[in-house]
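Participant: Listed below are the residues making up each chain.
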Amino acid sequence: MLSIGKKKMEFDQILFYVFSFWFVVASLAMVFLRNAAKAVLFLILAFFSAASIWILLEAEFLAITLILVYVGAVMVLFLFIIKMLDIDKSALRAKFAGYLPLGLMVAAIVVVEMVMVLGYNQFGLEAVPEPARHAADYSNITVLALQLYTDYVYAFELAAVLLLIAIIAAITLAHRNETNRKSQSVSQQVNVKARDRMRLVLINSKNSGESDD
Amino acid sequence: MISLSDYLILSAVIFCIGLVGIFVNRTNIIILLMCVELILVAVNTNFIAFSHFLGNEAGQIFVFFILTVAAAEVAIGLAILTLLFRVKDSISVDVINSLKG
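Chains A and B supply the protein sequences, listed in that same order.
Quick note, the first sequence lines up with residues 1 to 213 if you use my numbering.
Quick note, the second sequence lines up with residues 1 to 101 if you use my numbering.
To be clear, the hints were calculated from the coordinates, so they are not data collected in a lab.
Values in this document were obtained by computation on a predicted structure and should not be read as measured data.
Glycine included, each C-beta is placed from N, C-alpha and C at the ideal position.
Careful: at least some of the hints might be erroneous.
[Stated by the list, open to error] Just a few of them, taken from the derived set where beta-carbon distance is under 10 Å, the chain A residues facing chain B:
#1 F16
#2 Y17
#3 V18
#4 L33
#5 M114
#6 L148
#7 A170
#8 V186
#9 A194
#10 D196
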């Protein structure tokens, strides 16, 4: 599979293979581990390796975003849910091996097909030469921001609305009506009548005069 | 030098590992969601590799939007998961049969 056998490996090539190795190993561990919490930790390792590979591809902003958003927020959310739900570990993965042969067969076929399509004849260094590295003062964030706020500003705002809808939907789904909580009922406040506020009670004046002394 | 083919084959392998994960993890929806995340990262790697080798930043912007949508998906998915656990007291795929599909 490797076309470069004679030439000495360059440093970025060594980095690529190290990161790829840990990416694949962590992904396999995530898929085949029985413990969901350990699987999350291995997925974090896989995301870190992916971010390193993205930095090799000069996509620094997205690499940092992957670590901040995914490892920092989404994976912590996963860990929180796993620890919050008391999952019966013995029941999990009981039928683990049942679908494994079918899954492995499908995956092997897909990998072989993709390698045939994406091989070195079509996308090797001869077909797609590697572009020159950017200068040291090149800013990936500036380039992305220039496009994001001009050409893709409509999509950007749509993404913001989508996140807002996701917040509302998540809160609405997970919210449970609390019985012992004091809350404000606006409709009752608006519809209140004067007689609900003050009640006139007729009191016998003779009895009240005696008690005042 | 690392060719575009290396990156594409790597992401194809990761994609298929995620696919196997969806096949074998029939009893835990959390792991299933995590496999979907793995597949998305593989696809994003494809986008970034093409963006780098073709010198076009549109691929990176697309990845930005995919990350946004994936974050929203995870938030809603985990909310549905807690709701499901509250109602059915399990997160196995087998208990989700209310629709009799």
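Participant: With reference to the structure, classify each hint as holding or not holding.
Facilitator: Status of the hints after comparison with the structure:
Of the supplied interface hints, the one on F16(A) holds, with its beta-carbon coming within about 5 Å of a beta-carbon of chain B, less than 10 Å. The interface hint given for Y17(A) is met, as the beta carbon of that residue sits about 9 Å from the closest beta carbon of chain B, less than 10 Å. Taking 10 Å as the C-beta contact cut-off toward chain B, the hint placing V18(A) at the interface is violated, the least distance being around 12 Å. Given the 10 Å rule on beta carbons, the hint for L33(A) holds: about 9 Å separates it from the nearest Cβ of chain B.
The interface hint given for M114(A) is met, as the beta carbon of that residue sits about 4 Å from the closest beta carbon of chain B, less than 10 Å. Interface hint status for L148(A): upheld, as the beta-carbon distance to the closest one in chain B is roughly 6 Å, under 10 Å. Proximity of A170(A) to chain B holds as hinted, the smallest CB-CB distance being about 4 Å (cut-off 10 Å). Checking V186(A) against chain B: minimum C-beta separation of about 26 Å lies over 10 Å; hint violated.
For A194(A), the suggested interface contact is broken, since its CB lies about 44 Å from the closest CB of chain B, more than 10 Å. The restraint placing D196(A) at the interface with chain B is violated, with a minimum CB-CB distance near 38 Å, outside the 10 Å limit.
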